[in-house]
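**Q** Top to bottom, those sequences are chains P and X. Just so you know, my numbering puts 95 at position 95 of the first sequence, and the rest follows in order with no gaps. Just so you know, my numbering puts 111 at position 111 of the second sequence, and the rest follows in order with no gaps.
Simulated from the structure, these hints should not be mistaken for laboratory data. The structure presented is a predicted model; accordingly, all values stated were derived computationally and were not measured. Treat each hint with caution, since some may be false.
Short, incomplete list of chain X residues facing chain P, as computed with Cβ under 10 Å [as the list claims (entries may be wrong)]:
#1 Pro38
#2 Phe43
#3 Lys61
#4 Trp100
#5 Ala102
#6 Lys103
#7 Thr104
#8 Val107
#9 Gly114
#10 Ala116
#11 Ile122
#12 Ala125
#13 Thr127
#14 Asn129
#15 Phe141
#16 Ile152
Note that the Cβ used here is the ideal one computed from N, Cα and C, for glycine as well.
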Amino acid sequence: MARQALVKINPKDYKKGDLIRVDSVIMHPMDTGLVKDKESGKYIAAHYITNVEVYYGDEKITWMDLYGSVSANPFISFYVKATKTAPLKIVWKDNKGEVTEKVIDIKVD
Amino acid sequence: MNRRDFLKTTSLAAVSTAVLGSAVFKNLSAAELTDSPPPKKPFDEALKEITGGKPVSDSDKVKLIAPEIAENGAVVPVTVEVELPVEQVKAIHILADKNWNAKTMSVYFTPANGKAYISTRIRLAETMNVVAVVQLADGSFIKAQKPVKVTIGGCG
């Protein structure tokens, strides 16, 4: 099941060569595996995003390893240099194999 | 249909949806349970995994922005920026020194980023230092750290 994700770029007006900030949020519980279930006394199994990859066109421009101590619904913001018209694709993968993708278009003259 | 019948059927419907609804909700919220927590990874071990035992020097080139006092440890905004050309920066590692797993996030950069910058939100279990370790392209490591006071812990 693909999760809900949101990607925004800032500023919206950019020219070729400008640095643009990409803000992304994905809805994910990010269970650390340390929280106990009140009824059974057992631990709620760890379920968190482990990898985020960012592709600009065909090029993988940045990637991240995440661990359990990133907040629920992880917000990640980074910069990209707008050098070409190409889709910017963000891929989130979690430790249970769920994959979510989100694509936005970057257009430069 | 008279008024009495109408009330009967609608109340029945309401009750059944409520019961069904709670059952569905319970199913959704029922996460997988395990007997043991994940393995603990203290700060020293986490740092060693990142640096491979190499020395890490403090540097004012690493700008770590985090609040001095975080009321809610579950959501602590952290921003790390390196004031060096992005070509010289390989990765930023964010660590929280007293968390169960001190490793929080590792971000790897390429020149296409234009700027070595990451902003995110992390969890802190208690009052502790947030450490940003920066891996440079020449293989050396620099860092910055900041103590964050936490009023309510965020790791459960």
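**Q** Output the indices of the hints that this structure fails to meet, ascending.
**A** 2, 3, 13, 14, 15 and 16
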